[in-house]
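Asker: With the hints as extra help, turn the sequences into a complete structure.
In order, the protein sequences belong to chains A and B.
Okay, so the first sequence: first residue is 132 according to the numbering used here, each after it adds one.
Okay, so the second sequence: first residue is 125 according to the numbering used here, each after it adds one.
Simulated from the structure, these hints should not be mistaken for laboratory data.
Treat the hints with care, since some could be wrong.
[What the hints assert, rightly or not] For lysine-lysine, the following DSSO-like pairs were computed, each having C-alpha atoms within a straight-line distance of at most 30 angstroms:
1. A:430 <-> B:127
2. A:145 <-> A:707
3. A:159 <-> A:145
4. A:134 <-> B:267
5. A:145 <-> B:267
6. B:269 <-> A:145
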Amino acid sequence: MDKRLERILPRVQKPARYTGGEYNQILKDPEKVDLRVAFCFPDTYEIGMSNLGMSILYHTMNSLDCVWCERVFAPWGDMYEEMKRAGLPLYALESGDSLDRFDALAFSIGYEMAYTTVLDMIAQAGLPLRSAERTALLPLVFAGGSACVNAEPMADFLDLFVIGEGEEMNNELLALLRTAKAEGWSKRDFLRRAAQIGGVYVPSLYEISYKPDGTVAAITAKDGAPARVTKRIVVDLDSAPYPVSPIVPSTEVVHDRVNLELFRGCVRGCRFCQAGYIYRPIRAKKPETLVRQGIEALKNTGHEDVTLLSLSTSDYRPLPGLCDGLLDYCESRSIGLSLPSLRADNFSMEIMEKLQKVRRSGLTFAVEGGSQRLRDAINKNVTEEDLLHTCAIAFAGGWNTVKLYYMLGLPTETDEDIVGIADMAGRILHCWRENARNKNRGVKITVSTSCFIPKPHSPFQWEAQISREEYLRRVNLLRASINSRNVVYNWHDADTSVVEAVLSRGDRRLGDVLEEVWKNGGRLEAWTDYFRFDRWMDAMDRHGLSVSFYAERERDTDEVLPWDMIDVGVRKDHLKRERESCYTSTLSPDCRHRCSACGALRLMEGGKCDG
Amino acid sequence: MDKLRLRFEKTGRAVWISHLDLMHTMQRAFSRAGYELRYSEGFNPHPQISIALPLSVGVSSRCELMDFRLRGDAVLSELPARLTAVMPEGIRVTDCYEQENKLALLKYLEIEGVFEYDDRDAAAMAEELAHFFARPEIVIERKTKRGRGQSDIRPAIRDLRFEAGEGAVRLHAVISAQEPTLNPALLPDALRQLRAELAPDFAKFMRLENYLENMEVFR
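Answerer: Next up, the structure:
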């Protein structure tokens, strides 16, 4: 271990997150590989080690004998300061080697608030921030992840982006990089060739011009790069690689458990939900595959919990059979099985009873809108009747905590809808009084609201976000409407949502803002400990950019959007249709009821969506 | 099987695993190795394991002891290899046996340590250190559960020798493990408080062996 590191560690909180050495980490001989990849997660160890995508891609990249992929996380503030003081550069956990020994830095970016941390990690690696300033081929600095479906604010910093699912694409890219390294290609040549790999977006090969009003005039692809980059997917998830021997953290992380991914995509089409559109088409794993992989992963890790992941667990058709298969193994071994993302409408007594056999957690419902009219407008197909019915069963079954999540500021929302949230919480409380088995234990109903953020590639991508002031007015209206001691109201502050709204639909000009915020100390901004709203506003002012332009402006449907070069499968006219249906509060049937021909099917290469 | 005791080493990167995290790591390692720990009864069952004399983060050891109970039978001689195979880097199980001595009888710890001096002469330091720790009493300020207090650490030091190395002084000591407990970190602390010019730039320690009152190895 580096002597400087050894002296720092006794002084920082939770040092085990900075040392590596965990069970199942992958070690290779650096002399025997052709490429060393630093897989960088722009947030803390505890968050990154809970991320299934990170775990999958760590293993797929390491499945190549010629590649050693290691993990790098962003140090917490105390460690960051100590490293700076000691002159210790950012290093990878497996080998402890600093990042200047690596051929590629691969970032996984899941949310916009991590952007400045990416810049910080590039700087901590001792590299110039901007792609154009890094003239050598190596190290290649690239990124993927869901926050890259509009990568524009980060376009100047990264050499390329991998759009969509990385299992196959990353390894194709690394194979090309290996050739380029062996044959001594220039960076320019490499990037041109890389742009021909499906899903690879090389921002320097796209010229953006702007209109006098600041909107994008045109996006022009150069040097043979495709006009639109189509997202990559893995067609068959049953044969796709899944890490049955994931790394077992030696210290507590956020989600310390075996994660099983049931399916990708979502049949529901909630209009505010970016994930529901960008992860299409729907591809499910077979329950046999999941039971086998789950048991194997439990054996190989010794975890005490297994969780079923997807955007909507109850839409997984073979769910009861899967639960039976897993519980057969888990129950006798005191292993807990948890199912997040259940829907209120088809939540069955059967599933609930099964879970109760092992461990019981609270009920959480993402209701999103306070009235049926608003829920129809956003295509959140949950009725109050279903919700109350589910709660009645749950209360009778002994549950006594319910969490309800809503968004304020959704398109078409009125004050009536907001008061409706309080009314609904009241009716759930009444439902508890009527159904609870043991009233002595009390009930806790938690209402949480966040500020709606219009996201690219969703039907609301043209919508305006409400202002901070308006959000606070709506929060206060709801506060005043809740008057039961059993109902607790938490609201997410709007400041982060404003910045997130600017970045998620931003363009390349925001790169200067990101750099400025970083220069002024901005990193780990997804944490309230470090987020500073003023720093963002000052930087935007200095570069002549405004929140009103990016976040609070309704965009014309004919406008060229900064992310129009990215094709996630779903066609724009489908998004427009869905948006129009919002204004008439018209529900769209779910994909299983009637296919809406959204366009994602063409990514399947002859396969069947939701087959 | 009841009243079992595991002896293991915690060195290298594993020294940064905290006591609480180590309990969790052990629990998972047993499960990976195919052994079922006995769980407590009750609403929130937890495995019945207990680690003697929790080690401070950053201190390594060749003589950690963990008491545990198993559901069902096991060949004790197989446990060390099977557990070591599924441990994080730095944890190596060296022995497993039925408890012989009660934990309360663990009296002394043999430790070694390194005091690093970046710009000072180690040979001169070794001499000064020996002189300092030969004092009849070493009263230092320490944080206790009830705030600050004074205590004499000298009675807790049974034997302490220093030897100069390159840029560092190595120490070898036998210290009291329980009643009173001497945290080895108090040795450089004492220097910082009483003779700051002897305080090392960095200090690290390793536990070597556990002893009974009569200096027989504790098992």
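Asker: Would you mind marking each hint as holding or not holding in the structure?
Answerer: Evaluated hints:
1. A:430 <-> B:127: The given pair, whose Cα atoms are some 26 angstroms apart, holds under the 30 angstroms limit.
2. A:145 <-> A:707: This hinted pair is violated, its Cα atoms lying about 49 angstroms apart.
3. A:159 <-> A:145: It holds: about 26 angstroms lies between the C-alpha atoms, which stays within 30 angstroms.
4. A:134 <-> B:267: holds, 29 angstroms
5. A:145 <-> B:267: It holds: about 21 angstroms lies between the C-alpha atoms, which stays within 30 angstroms.
6. B:269 <-> A:145: holds, 22 angstroms
The structure fails to meet hint 2 from the earlier list, while all remaining hints are met.
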